[in-house]
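> We have chain B already, so just place chain D on it with the hints.
Number of protein chains: 2
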Amino acid sequence: MSAQLNTRIVPLQDTRITDKFWSGFSKLVRETVIPYQWEALNDRVADADPSHAIRNFRIAAGQETGEFYGFVFQDSDVAKWLEAVGYSLATHPDPDLERVADEAIELVIAAQHKDGYLNTYFTIKEKDKRWKNLTDCHELYCAGHMIEAAVAYYQGTGKRRLLDAMCRFADYIDSVFGTEPGKLQGYDGHQEIELALVKLYEVTGNERYLKLSQYFIDQRGQSPHFFDQEYDRPDYERYWSEGKGQRPNQAYHQAHVPVREQQVAVGHSVRAVYMYTAMADLARENGDESLLEACRRLWKNTVEKQMYITGGIGSTHHGEAFSFDYDLPNDTVYAETCASIGLIFFAQRMLQLEAKSEYADVLERALYNLVIGSMAADGKHFFYVNPLEVWPDASRLNPGRHHVKPVRQRWFGCACCPPNLARLIASLGQYLYTVEEDTIYTHLYVGNESTVSLGDRKVALKQEAELPWDGRVKITVSPERSGRFTLALRRPDWVRGELTLLVNGKRVDAASVVRDGYMMLDREWGPSDQIELALPMEAEWMIAHPQIRADLGKAAIQRGPLVYCVEEADNGQPLAALSVSLSAKLETRFDESFLGSGAVIIETDGWQDDYGDNRFEAGIPYRPMQPLRKPVKLRAIPYYMWGNRGEGEMAVWLRVRD
Amino acid sequence: MSAQLNTRIVPLQDTRITDKFWSGFSKLVRETVIPYQWEALNDRVADADPSHAIRNFRIAAGQETGEFYGFVFQDSDVAKWLEAVGYSLATHPDPDLERVADEAIELVIAAQHKDGYLNTYFTIKEKDKRWKNLTDCHELYCAGHMIEAAVAYYQGTGKRRLLDAMCRFADYIDSVFGTEPGKLQGYDGHQEIELALVKLYEVTGNERYLKLSQYFIDQRGQSPHFFDQEYDRPDYERYWSEGKGQRPNQAYHQAHVPVREQQVAVGHSVRAVYMYTAMADLARENGDESLLEACRRLWKNTVEKQMYITGGIGSTHHGEAFSFDYDLPNDTVYAETCASIGLIFFAQRMLQLEAKSEYADVLERALYNLVIGSMAADGKHFFYVNPLEVWPDASRLNPGRHHVKPVRQRWFGCACCPPNLARLIASLGQYLYTVEEDTIYTHLYVGNESTVSLGDRKVALKQEAELPWDGRVKITVSPERSGRFTLALRRPDWVRGELTLLVNGKRVDAASVVRDGYMMLDREWGPSDQIELALPMEAEWMIAHPQIRADLGKAAIQRGPLVYCVEEADNGQPLAALSVSLSAKLETRFDESFLGSGAVIIETDGWQDDYGDNRFEAGIPYRPMQPLRKPVKLRAIPYYMWGNRGEGEMAVWLRVRD
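First to last, the protein sequences are chains B and D.
Using this note's numbering, you'd call the opening residue of the first sequence number 2 and step up by one each time.
Using this note's numbering, you'd call the opening residue of the second sequence number 2 and step up by one each time.
Calculated from the structure, these hints are not laboratory results.
A few of these clues could be false.
All copies of an identical chain are treated as equivalent in the list; a pair is satisfied when it fits inside any one copy or across any two copies.
Claimed, not checked - When the alpha-carbon atoms are kept at most 20 Å apart in a straight line, the in silico SDA-like pairs for lysine to any residue are as follows:
| no. | residue 1 | residue 2 |
| --- | --- | --- |
| 1 | K184 | L398 |
| 2 | K631 | R658 |
| 3 | K631 | S582 |
| 4 | K306 | L398 |
| 5 | K306 | D610 |
| 6 | K381 | R161 |
| 7 | K301 | G620 |
| 8 | K631 | S584 |
| 9 | K631 | L583 |
| 10 | K306 | F617 |
| 11 | K631 | G613 |
| 12 | K306 | P400 |
| 13 | K357 | R234 |
| 14 | K306 | D394 |
Chain B with its partners taken away, still in its complex shape (with noise of 0.2 Å):
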């Protein structure tokens, strides 16, 4: 194990975002966001899917009286919507919603048990239990949600109060499980304790919580199966189908053998990448080289193999789940916005154990494209499932593809997603940068101010940048005192030749010092050094493996970070009608009121097919003849803005003529 075992992180307190982009972003988070999930929590959005999360929790406290309702996992909910407010408290104070949350911290503590249990689903629904459906149940993963909310809310306020409260349940959780004598040997359906225990024993220093993680991750896919144990017990019932039921899947669980044997990405999208990280951050805290080739080999499959250009991944609603290398179909796709979260995670725990930039482009693939894509420019609408291609008639008529909305809901049955993606944005600071002995290395260009430690020296960092519209950016850094460390700056994956990079006005041969993707400036930085960074960013036609076959013949569009699409609305419909040629010029052009917040549309020559009048007016739909088209300009807008203008068809991948 190298000496990136000592990379950390930034905390979250220490940046404060100022990006043009982004702080819209953050803000909408933070003003929007935020508050109407906590509505949504209480019921309170019209024409919305019920939560009944607080009431839930209301319930279990003995505050209220009522039945469960929702989702086995309906407190994760609420923990995830706690732990977006312990970010944006980090950043931004905010007294009222501080309140708000310190009443709901107090509610989640009085719907704990005296032993640290919680989990309003088995107090108020199944009080007998407890512990007996880990497959089907995601009692642990309620609890690692909470778990993280807590430290998110303790290192975001200072407050220790559901900190302890998680404390207190994670000590119980240990006298449960584990392998010596009379505990269960058990472990989650839905990983997230693990990454959660992670989190919870780096900020409080208690080993116990990491052996524990080590202990789930360990014992996952062991033999005898825990999940074949369970489903044996004569009074096990499925939760998710009568009865009995199916013996479980254990691919679907990640479950099917250990965590080192595993090979390639399988089962449930989400569960798979929060696993990942955990081990990830395992590999990191325990030098365990195991782990870590583990790790590289499902990550080399995940990205290379099974992720769509947006940086989604999770081919089939059929269990939210990977189907099988190159199997990317673009109608049919779930990409669950949860998934890519969970992708970003691993994504950051990766780059702490080594530098590489493919990890950080991956990053940020996934972060401009479908993450932000998921949210409508409103903050109150969400995907679950993005898709690459959208026909808003089949999402209705055809029901294979009725997980597939053409447009955006307000909140769902199932609302994993929403909060998910409050507590990314609102923790987007944590992000930016790592820290390795004497180098900050910069993942993002994204405008910030930061102070960074560097051994014993703080580091200020003011970041200035375009992006993605455009590719400049200015850092400006600022040591207490001058002396000399490395800033290793990201060569994004999209970068074709040559970038300028000055340093104090001077040029620096830049691909002289870069290494593993970043370019290396180890020098002696004194007050306000300058750099200076014009990453060229060039809208280019992407293509597909050879073996993908749902995009062979077909091309897309990028520019910089930012994948683009054609929408109905520039284009008419039906979009497979459009064609274009690979060697037609890729104008762009900042529009700036595009969806108020503008954006660079980028237009082409294209063709359409144009098959004249009535010639298939009559008889059955197929003929013998040459397809007319006619020359059209197509219209390209970036991904992460479709489906804001109403409902219709949408298309990443293009069909390529010449």
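For chain D alone, coordinates are given in the frame of chain B:
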């Protein structure tokens, strides 16, 4: 209503298939399929799903003890087999087969109740539930199939045992169902009885059966909805789900509105076309204009907007159903064999109502492509789902494509399709001609010797045809005595430009005598008059209607009635890497040894994507590059022959480059 009301088909006994192409299929059905399916019905096929159908009858007849096994409609497999045997015996007497069938018929009759009722499921398993769940339980469907069997067996052998038994059953059904007080105002969830009762009427002359059929058709979809009334009964339970289950989806059963008000084809596709067939029968028998209008409308919607180029219908496996206009995905397709067989029934009935070649064109398309393609060359393996694009790995590993099998199966738990195919091919002689007053319509060019009654004159027809490989047809007309009548010869929709038509060696201007797609040869016919027809049969590139998104930018190859496809065995994989030019010549060549029977193979110059070595070796699978390609010779085979050379990719639609 026009004079077509007197149109009739030619009895099966009066036609002997002598065709090179079809004799092979007839022989296969007679010598392999019928015996093989008898073995299957008796559970004597190794490695195949058990049928238990014959055992169910034995148990119901009290000749054996045991439990009912199989689908609630398992009886219908025996019925369809008996029907196929009836057809086969009509043209190819076979005492051994007849003895086996007679025994099977005695077994069926032994299982019949004194009151005429027959259904092994309700006899063995749910004694008290007769007529309690029409929505789900296929009682009248099974009755209909046994009635069809009885009619066919009577017509084929002159034996009335089963016919009399089924008249008793029909009489009993008539006493149960109807609008009269005290009768059940219901109808079956799966249409079939309606068309069967028309056949029973036609063979017995008993109008009661015609009226009962009319009742079922007229009652369907009336308010209050019968399926709702069933569902609202306190003791009602759905058959296909646990307990009460969901309220029936009326449209799935084509019971959402009365049949005359139905605008588009919806729901389960087999049910739909069986119903349309009965509607057309009743329109003909009763001169029912409003029913004819509905038939025309539903025909038009089905074949113009919801039919695959192979003659397949049903775009989704969810409910084995139609989805909506122009939604014809090639990969997640359903296109059940039975549905195209039902479409052929519907076409045949429409031809009896109005002799327009468009009906015969679709009939021919479904027959020569999907229907015969559903059976392996060995007559022992079958497709239930008939895709237009197959990626075997996806069939295995993407659950949304599990229903698409890359190779034909030995038998099915739900084995509706193989015996349906057997009965269709065994009765092919009924689809060649219709006779209307003084006109004999020739719908299919299939070698045969027939005797057709035209008024009080018998006309012997001898047809020699080379289809589907060559368009030469020779018809010898030998009336009992000379006289004037019309021989109407279909001009297939795949004929372009001029065709050659000679009568006794003299050229006839074909274009001038065409009416509704038939060349009307109205003349004095004498002994051994000869017609020679040369139908130009050029391989053609076909394109799809501009609203069929799945096929845009693609083309398929068709030659005469045959649709072609490419297979991995000839063209490597992925097939999506191939592209073609519509200006490339389609070279045809008869390969005598292909799959034993020989076939016209089509080759054309196309391209295969070729990215060179290693250009996608590592990293994410998207690149800014121009796809390279190399010229290749593409090899296409008739669609009906696909999947006979092991497992591999297959595609009907090919990407068009220019």
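> Now look at each hint and say whether the structure bears it out.
Results for each hint:
no. : hint           : result
1   : K184 with L398 : neither (50 Å within a copy, 37 Å between copies)
2   : K631 with R658 : both (13 Å within a copy, 16 Å between copies)
3   : K631 with S582 : both (13 Å within a copy, 18 Å between copies)
4   : K306 with L398 : between (31 Å within a copy, 14 Å between copies)
5   : K306 with D610 : between (32 Å within a copy, 19 Å between copies)
6   : K381 with R161 : neither (31 Å within a copy, 72 Å between copies)
7   : K301 with G620 : between (50 Å within a copy, 8 Å between copies)
8   : K631 with S584 : both (17 Å within a copy, 19 Å between copies)
9   : K631 with L583 : both (17 Å within a copy, 17 Å between copies)
10  : K306 with F617 : between (40 Å within a copy, 11 Å between copies)
11  : K631 with G613 : within (10 Å within a copy, 33 Å between copies)
12  : K306 with P400 : between (27 Å within a copy, 18 Å between copies)
13  : K357 with R234 : neither (47 Å within a copy, 67 Å between copies)
14  : K306 with D394 : between (30 Å within a copy, 14 Å between copies)
Of the numbered hints given earlier, the model fails hints 1, 6 and 13; all others are met.
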